[in-house]
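Sequences listed follow chains A and B, in order. Note that the first sequence covers residues 3 to 216 in this note's numbering. Note that the second sequence covers residues 132 to 344 in this note's numbering.
Hints were generated in silico from the structure; no laboratory data involved. Where is the CB? At the ideal position from N, CA and C, for every residue including glycine. There's no promise every hint is true.
Only part of the chain A face toward chain B is listed, based on derived beta-carbon distances under 8 Å [said to hold, decoys possible]: (1) P54; (2) A55; (3) Q58; (4) V65; (5) W75; (6) S130; (7) V167; (8) P169; (9) R178; (10) L181; (11) R184; (12) L186; (13) L190; (14) S191; (15) M213.
Single-letter residue listing:
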Amino acid sequence: MLVTLTLIRTLTPVTMHSSRRCSLCPRPPRTPTSPCTTQGPCLSQAATGVLPAVNQLEFHPWVGASTHETVQWCTRNGARETEPAITLEATGPTLARMHRCHVPACAQRGPLLPTAGIAIIAYGSLGSSSNKASVGSGVAQVAARHGVSSAALLLRWALARGAAVIPGATSAAHIRENLAARRLRFELSPEDEAIIAGDAKPPGWKLWPNMGKG
Amino acid sequence: MAGAAARRDSLMSPRVAVLGCLSLSLLGLLALGTPRIAHARRGDADGIHLTVAGPLIDGTVPKDSRPMPRMGFGTCCRASASGEPLVASILTFLAQGGRLIDTAQMYENHRDVATAIARSAIPRSELWITSKVRTIDTSLNHAATVAEVDKILAELKLEQLDLLLLHHAKGNGAKERAAQWQALLEVAKAGKARHVGVSNYDLAQLKGLQACW
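Input sequences plus hints: build the corresponding full structure.
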C-alpha cells in the first residue's frame, strides 16, 4: 500500500486536482493585471483566445516571402508559441476538467489555449485555370527527375510542407492525376528545393490579390 | 499533494489496492482518466487533425473528430465551376475516392454542390464540406455573420459544415474581423460547423484574432 502511494506520488503529474498548473495548462500570465495585450487595439469585446484551426492561402513556389513566413508560423511557431503541438484525445469529462484551467487563464489576459497549430490549405497550387501549363523551367526539371508531371510536383511541394491542397479540374484525367498526388511519397532533396526556390515566376502566372488591407 | 494522492487512491479498485503491484497500479492510474495525449499527427497520410474550437470554448467535445483530407476539390474560378459541369466534375472526384469539396459564398455554386452531394449518395459522414463566409468589403458584424452562415447551410442543404472560414481579412478593420471571428466561434458552439478558421489572413491579422482583448 505504501509502495503504491509512493509510486503514485512520484509518477502522477501535478494536475488540476492539486494545483491550477499542469503540463497542459498555460503558464500564468506575467502581467495578469494588464488590461490589454500589445497584440492589438483594446476593444470592448470578450476575449476568445482561440486561434483559427485553418488559414487557407495562395501557396506555391512563387508567393512572396511574407506568405512563406505566415505558413511557417502557422504550422510550426504558431503551435510552439502556445503549447507543444498536441492533439487531445480525451473523454468529455476529462477534457472539461482540463479546460477549467484554461478558460480562466485566458480571461486573465493570459496565454493561449492549446492548439495543434494552424493547418494550411493551399490554393492556387497549379496557377489559375488559364496558365496551368506554364510552370517554371526549374519545376519542370525537378518533375522530370522524379518522373511526374509538373502539376503533380507542385502538389507534392505543398503537401511536403504539411499543407492540404484543393486543386480544381474539369476533365476526369486531370481530376484523377491530382488525386494520385496523394500517394506520391518521394522526398524533395535539398537540391530539388534549391532549384524550385530559384525558379523565376513563370510569365503569365497570376497571383491573386486576396491578401492585405484593401 | 498528499490529499490528491489519497483521493486518487480511494478511487482505485480494491483489487489494485490489495495487490499493490507496480504494473496494476500504473494501469489503475491510466484507468482513472489521465488524459491520453497523442502528438499531433500532422504527417499522417490520411489527413490533418484540426483544432476543434467547440471544446476550447465550453469544455464539450465532439464525438466525431475525423481528420481533414489532404486532397480536396476546389470549385472556384473556372468555367466549369457551376451548373451541370460542376456537378459532373464533383461526381468524378468523389467516384475516384476524393472526399473534400471546397466552396464559398463568393463562388455562387452552393446549390450545385448540394446537387452533387445528393446525387453521389455518399454518406454525409464520409464527406468533408468546406465553405466560406463572404467577408470582403461586406463589413459584416457579429449578427450578420451568423445570418450568412445560416444561408450557407440552407443553400448546401446541410445541417453542419466540416470547416467554415472567413473568406478575407481585406476590407475589414480589426474590430470587424474580431466580431466575425467571434461569430464563427458561436456558430461552432451551436454545432453548425465542426471546425472554424480563416482564409487570406496575414500574420498580423491572425495574431489579432488570437489576442485577449
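Hint check: 8 Å Cβ-Cβ cutoff, S191 of chain A to chain B:
18 Å, violated
Let me know if the C-beta of V65 of chain A comes in closer than 8 Å to any C-beta of chain B, holds or violated.
12 Å, violated
Interface hint compliance - A55 of chain A to chain B, C-beta minimum distance less than 8 Å
4 Å, holds
Against chain B, is V167 of chain A within 8 Å by beta-carbon distance?
6 Å, holds
Report holds or violated for the interface hint on P169 of chain A, using the least CB-CB distance to chain B and a cut-off of 8 Å.
Check passed: Cβ of P169 of chain A comes within 6 Å of chain B, closer than 8 Å.
Restraint: M213 of chain A near chain B, CB-CB cut 8 Å. Satisfied or not?
Hint on M213 of chain A: holds, closest Cβ of chain B at ~6 Å, below 8 Å.
Let's test the interface hint: is any C-beta of chain B closer than 8 Å to that of Q58 of chain A?
Holds, because the Cβ-Cβ distance from Q58 of chain A to chain B comes to roughly 4 Å (cut-off 8 Å).
Next item in the hint list is L186 of chain A. Is there a CB on chain B closer than 8 Å to its CB?
With a minimum Cβ separation of about 11 Å from chain B (threshold 8 Å), the hint on L186 of chain A is violated.
Status of the hint placing P54 of chain A at chain B (closest C-beta pair under 8 Å):
4 Å, holds
Do the numbers back the hint for W75 of chain A, that is, is its least Cβ distance to chain B under 8 Å?
6 Å, holds
Take the shortest C-beta to C-beta distance between L190 of chain A and chain B; is it under 8 Å?
Violated. Min distance 15 Å.
Is the hint on R178 of chain A kept, meaning its closest Cβ partner in chain B is under 8 Å away?
Check passed: Cβ of R178 of chain A comes within 6 Å of chain B, closer than 8 Å.
In summary, the structure is inconsistent with hints 4, 12, 13, 14 from the numbered list given earlier, while agreeing with the others.
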